[in-house]
Amino acid sequence: MSKIVEQVTAANDDYAANFADKGSLAMPPARGVPF
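Residues are numbered in my numbering as their position in the sequence shown, beginning at 1, plus a constant of 138.
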(Lines of atoms letter the chains of each structure in order from A and count residues from 1; the text may use other names and numbers.)
(Lines give C-alpha, C1' and ligand atoms only; values in the text may rest on other atoms or scores of the structure.)
Protein backbone atom coordinates (compact mmCIF):
# COMPACT_ATOMS: atom_id res chain seq x y z
CA MET A 1 0.00 0.00 0.00
CA SER A 2 1.14 3.53 -0.59
CA LYS A 3 2.23 5.71 2.31
CA ILE A 4 -0.71 8.11 1.82
CA VAL A 5 -3.28 5.31 1.88
CA GLU A 6 -1.74 3.98 5.09
CA GLN A 7 -1.88 7.45 6.67
CA VAL A 8 -5.52 7.99 5.66
CA THR A 9 -6.48 4.53 6.91
CA ALA A 10 -4.72 5.14 10.24
CA ALA A 11 -6.41 8.54 10.62
CA ASN A 12 -9.80 6.98 9.84
CA ASP A 13 -9.25 4.20 12.39
CA ASP A 14 -8.28 6.78 15.03
CA TYR A 15 -11.35 8.91 14.26
CA ALA A 16 -13.66 5.89 14.39
CA ALA A 17 -12.17 4.74 17.71
CA ASN A 18 -12.71 8.18 19.26
CA PHE A 19 -16.18 8.75 17.80
CA ALA A 20 -17.80 7.10 20.85
CA ASP A 21 -21.43 8.13 21.23
CA LYS A 22 -21.39 11.18 18.97
CA GLY A 23 -23.76 9.30 16.71
CA SER A 24 -26.53 9.79 19.25
CA LEU A 25 -26.25 13.59 19.20
CA ALA A 26 -29.15 15.56 17.77
CA MET A 27 -28.89 17.01 14.29
CA PRO A 28 -27.97 20.69 14.13
CA PRO A 29 -30.86 23.03 13.28
CA ALA A 30 -31.60 23.26 9.59
CA ARG A 31 -31.06 26.60 7.93
CA GLY A 32 -34.43 28.32 7.72
CA VAL A 33 -35.44 30.59 4.87
CA PRO A 34 -37.77 33.46 5.86
CA PHE A 35 -40.65 34.25 3.55
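Hints in this document: simulated from the structure, not taken from any laboratory.
Every residue, glycine too, gets a C-beta built ideally from N, C-alpha and C.
A couple of the hints might just be wrong.
Across the chosen pairs, the derived CB separations fall in these ranges [unchecked claim]:
(1) 141 with 164: 47 to 53 Å
(2) 171 with 148: 24 to 30 Å
(3) 145 with 166: 37 to 43 Å
(4) 146 with 166: 24 to 30 Å
(5) 172 with 143: 30 to 36 Å
(6) 170 with 142: 38 to 44 Å
(7) 172 with 141: 31 to 37 Å
(8) 172 with 148: 29 to 35 Å
(9) 166 with 144: 29 to 35 Å
(10) 140 with 172: 30 to 36 Å
(11) 163 with 142: 26 to 32 Å
(12) 170 with 140: 43 to 49 Å
(13) 145 with 167: 42 to 48 Å
(14) 150 with 170: 31 to 37 Å
In ascending order, which of the hints set out earlier in this document are inconsistent with the structure? 1, 2, 3, 5, 7, 8, 10 and 13
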